[in-house]
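Protein sequences appear in the order of chains A and B. Going left to right, the first sequence walks through residues 371 to 698 as this note's numbering numbers them. Going left to right, the second sequence walks through residues 371 to 698 as this note's numbering numbers them.
FYI, nobody ran anything at the bench for these hints, they're computed from the structure. Any given hint could turn out to be false.
One copy or two, either will do: identical chains are not told apart, so a pair holds if it fits within one copy or between any two.
When the alpha-carbon atoms are kept at most 35 Å apart in a straight line, the in silico DSBU-like pairs for lysine-lysine are as follows [said to hold, decoys possible]:
hint, residue 1, residue 2
1, K568, K636
2, K636, K695
3, K636, K587
4, K695, K445
5, K522, K587
6, K522, K568
7, K636, K445
8, K432, K374
9, K374, K636
10, K636, K387
11, K387, K374
12, K522, K636
13, K374, K522
14, K522, K432
15, K636, K539
16, K432, K695
17, K695, K568
18, K387, K432
19, K688, K568
2 protein chains.
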Amino acid sequence: MNAKIRIGIAGYGNLGKGVELALSQNPDMELVAVFSRRDPASLSLQTAGIPVYALDTIEQHKETIDVLILCGGSKDDLPHQGPHLAQWFNTVDSFDTHAAIPDYFAAVDAVAQQTQHTNIIAVGWDPGLFSINRLMGECVLPEGQTYTFWGKGLSQGHSDAVRRVDGVKAGVQYTLPIEEAVNRVRNGEMPELSTREKHRRECFVVLEEGADADQVKEAIVTMPNYFADYDTTVHFITMEELERNHSAMPHGGFVIRSGHSATHTKQTVEYALNLGSNPEFTSSVLVAYARAAYRLAQQQQYGAKTVFDIAPGLLSPKSPADLRKALL
Amino acid sequence: MNAKIRIGIAGYGNLGKGVELALSQNPDMELVAVFSRRDPASLSLQTAGIPVYALDTIEQHKETIDVLILCGGSKDDLPHQGPHLAQWFNTVDSFDTHAAIPDYFAAVDAVAQQTQHTNIIAVGWDPGLFSINRLMGECVLPEGQTYTFWGKGLSQGHSDAVRRVDGVKAGVQYTLPIEEAVNRVRNGEMPELSTREKHRRECFVVLEEGADADQVKEAIVTMPNYFADYDTTVHFITMEELERNHSAMPHGGFVIRSGHSATHTKQTVEYALNLGSNPEFTSSVLVAYARAAYRLAQQQQYGAKTVFDIAPGLLSPKSPADLRKALL
Chain A
371 MNAKIRIGIA
381 GYGNLGKGVE
391 LALSQNPDME
401 LVAVFSRRDP
411 ASLSLQTAGI
421 PVYALDTIEQ
431 HKETIDVLIL
441 CGGSKDDLPH
451 QGPHLAQWFN
461 TVDSFDTHAA
471 IPDYFAAVDA
481 VAQQTQHTNI
491 IAVGWDPGLF
501 SINRLMGECV
511 LPEGQTYTFW
521 GKGLSQGHSD
531 AVRRVDGVKA
541 GVQYTLPIEE
551 AVNRVRNGEM
561 PELSTREKHR
571 RECFVVLEEG
581 ADADQVKEAI
591 VTMPNYFADY
601 DTTVHFITME
611 ELERNHSAMP
621 HGGFVIRSGH
631 SATHTKQTVE
641 YALNLGSNPE
651 FTSSVLVAYA
661 RAAYRLAQQQ
671 QYGAKTVFDI
681 APGLLSPKSP
691 ADLRKALL
Chain B
371 MNAKIRIGIA
381 GYGNLGKGVE
391 LALSQNPDME
401 LVAVFSRRDP
411 ASLSLQTAGI
421 PVYALDTIEQ
431 HKETIDVLIL
441 CGGSKDDLPH
451 QGPHLAQWFN
461 TVDSFDTHAA
471 IPDYFAAVDA
481 VAQQTQHTNI
491 IAVGWDPGLF
501 SINRLMGECV
511 LPEGQTYTFW
521 GKGLSQGHSD
531 AVRRVDGVKA
541 GVQYTLPIEE
551 AVNRVRNGEM
561 PELSTREKHR
571 RECFVVLEEG
581 ADADQVKEAI
591 VTMPNYFADY
601 DTTVHFITME
611 ELERNHSAMP
621 HGGFVIRSGH
631 SATHTKQTVE
641 YALNLGSNPE
651 FTSSVLVAYA
661 RAAYRLAQQQ
671 QYGAKTVFDI
681 APGLLSPKSP
691 ADLRKALL
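From just these sequences and the hints, can you work out the full model?
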């Protein structure tokens with residue numbers, strides 16, 4: 371039996387906790403340390419016996435960690451942490467600001483090439499598994515259209531926007547794909563769909579004492595960028611209902627490639643996720659790609675990578691021969 | 371603009387014709403020759419100006435073809451052709467005898483390593499795209515079950531079996547997934563399903579003059595290996611109906627990974643194909659993997675490969691930077 375792949379976690383929020391849990395399902399890897407900007411003594415992990423260190427001491431641990439999984443946020447943490455930590459570590463992260471990916475890739479790659487590390491960025495399900503399916507869909511059906519639908523799922527960004535409205539005490543927002551649009555795509559109609567025709571939004575809001583429900587509703591549904599382009603429903607509920615029914619973080623969606631072969635025969639490829647917990651699933655994907663990062667580093671395949679650069683077999687603990695025998 | 375990837379087709383049945391059509395949708399590749407065991411003068415291609423040569427003269431063309439797509443059958447052609455043609459060519463094939471894949475891989479690999487070619491075997495949708503989804507499903511959800519359902523689709527092997535029954539003049543067989551089983555899997559119940567619970571079979575049969583319908587039906591539904599383990603329906607129709615309604619070759623199916631993260635939260639990943647033409651879709655997949663074979667050969671990554679060894683980005687005509695920008 372080979373030694374286990376030694377994993378570190380940088381950042382201990384929902385995603386870091388999810389990675390810790392996901393590692394317990396992958397016996398070829400072991401969690402060796404958690405790094406946090408908070409006081410290490412203040413963190414209590416789910417696993418006994420794992421040390422927590424201050425993030426600014428992380429360089430001292432570069433010899434004992436094979437792959438560091440970056441669990442910070444894409445807005446404030448990763449743009450700095452990704453390139454910075456690539457100087458000492460092979461990393462995997464879930465950078466998900468789609469428009470900023472080219473710059474982020476370049477910044478990480480420059481460090482990785484210089485210091486000979488393997489750093490897989492933008493891993494998860496979107497970007498990540500959905501991206502792979504967008505790519506493969508257009509490769510196997512070059513003439514066609516690709517559609518991505520999200521939901522039903524809790525959107526963190528839109529929930530934050532709801533909570534910033536005056537008079538809102540607490541609340542969550544769900545993104546829902548519009549069934550009629552999904553069915554038209556599945557039927558191979560290749561429709562042109564507006565933003566409003568693809569998704570709708572549903573908010574569950576707890577009002578502040580004395581707030582005006584109509585004003586709050588109007589402020590939400592007319593909010594530019596977030597809600598104005600969608601049909602949005604607002605439900606007012608009690609704090610008890612919110613806590614009881616809306617504390618899970620489900621998500622999911624579909625990537626559908628609808629196209630035709632050269633004789634104009636309809637062909638459809640669909641990839642669908644139905645996730646009870648978005649952060650736990652994203653974490654599981656990060657852990658599988660940590661295995662690939664480790665192997666690529668062993669093969670001296672250095673530099674920044676994305677899911678597009680990773681052969682599927684590198685994700686599995688099984689040997690190539692076992693995979694061919696059991697799964698092909 | 372780079373030169374186009376020069377493609378040859380070995381074998382001109384349904385699959386070879388499909389590859390010819392698929393190449394017309396991929397402007398970075400060009401068909402340069404078709405090879406057949408039949409008299410070249412007897413073949414009429416769909417594309418004007420493409421030469422047809424006798425398969426036994428193929429060695430003479432080894433300098434003018436970048437990738438040869440093998441379109442022969444898995445039973446009689448590929449076990450010999452795959453290793454034989456790997457001595458002169460980079461190849462892609464759709465070898466689909468699952469149990470024989472390890473031996474076939476070894477035979478092709480031995481030649482490919484020796485002669486420095488890149489040979490991707492067992493490409494298509496099953497084995498192929500379904501295999502990738504079986505593999506990735508268990509990597510991102512290590513605790514769970516994987517289910518493959520096929521259909522609705524025309525099965526060539528089972529149609530042949532029907533046509534061998536005494537009293538059958540012509541006929542086709544469709545494999546259908548059983549909706550109730552699919553729904554239980556999608557709901558995350560992780561059921562144990564027998565063969566009979568997963569699929570049913572439907573036959574459309576034209577009787578020979580004077581044949582006994584009841585006898586034919588009994589012979590079909592009790593046939594071991596092919597039908598005895600399934601609920602099978604037999605419909606008797608006229609030759610006109612058969613030709614009018616049953617000459618297309620639709621197929622498809624689903625790979626569903628149903629699992630849970632470490633907190634026992636349900637997570638489901640589904641990959642579904644709905645194909646108007648099975649051979650045309652398989653051909654499209656072969657063509658995309660021919661692009662990968664070409665690139666791997668350029669990188670001197672020689673040997674037998676499967677879909678598990680191919681990074682998604684290698685399938686696309688777009689550059690890695692364009693892919694990161696547009697699709698990640």
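Verification of the hints:
no., hint, verdict
1, K568 <-> K636, "both (22 Å within a copy, 26 Å between copies)"
2, K636 <-> K695, "both (32 Å within a copy, 28 Å between copies)"
3, K636 <-> K587, "between (43 Å within a copy, 33 Å between copies)"
4, K695 <-> K445, "between (43 Å within a copy, 18 Å between copies)"
5, K522 <-> K587, "within (21 Å within a copy, 47 Å between copies)"
6, K522 <-> K568, "both (12 Å within a copy, 28 Å between copies)"
7, K636 <-> K445, "between (41 Å within a copy, 29 Å between copies)"
8, K432 <-> K374, "within (16 Å within a copy, 46 Å between copies)"
9, K374 <-> K636, "between (47 Å within a copy, 27 Å between copies)"
10, K636 <-> K387, "between (44 Å within a copy, 17 Å between copies)"
11, K387 <-> K374, "within (20 Å within a copy, 49 Å between copies)"
12, K522 <-> K636, "both (27 Å within a copy, 15 Å between copies)"
13, K374 <-> K522, "neither (37 Å within a copy, 44 Å between copies)"
14, K522 <-> K432, "neither (40 Å within a copy, 53 Å between copies)"
15, K636 <-> K539, "between (50 Å within a copy, 30 Å between copies)"
16, K432 <-> K695, "between (37 Å within a copy, 31 Å between copies)"
17, K695 <-> K568, "between (41 Å within a copy, 23 Å between copies)"
18, K387 <-> K432, "within (21 Å within a copy, 55 Å between copies)"
19, K688 <-> K568, "between (40 Å within a copy, 27 Å between copies)"
The structure shown violates the earlier hints numbered 13, 14.
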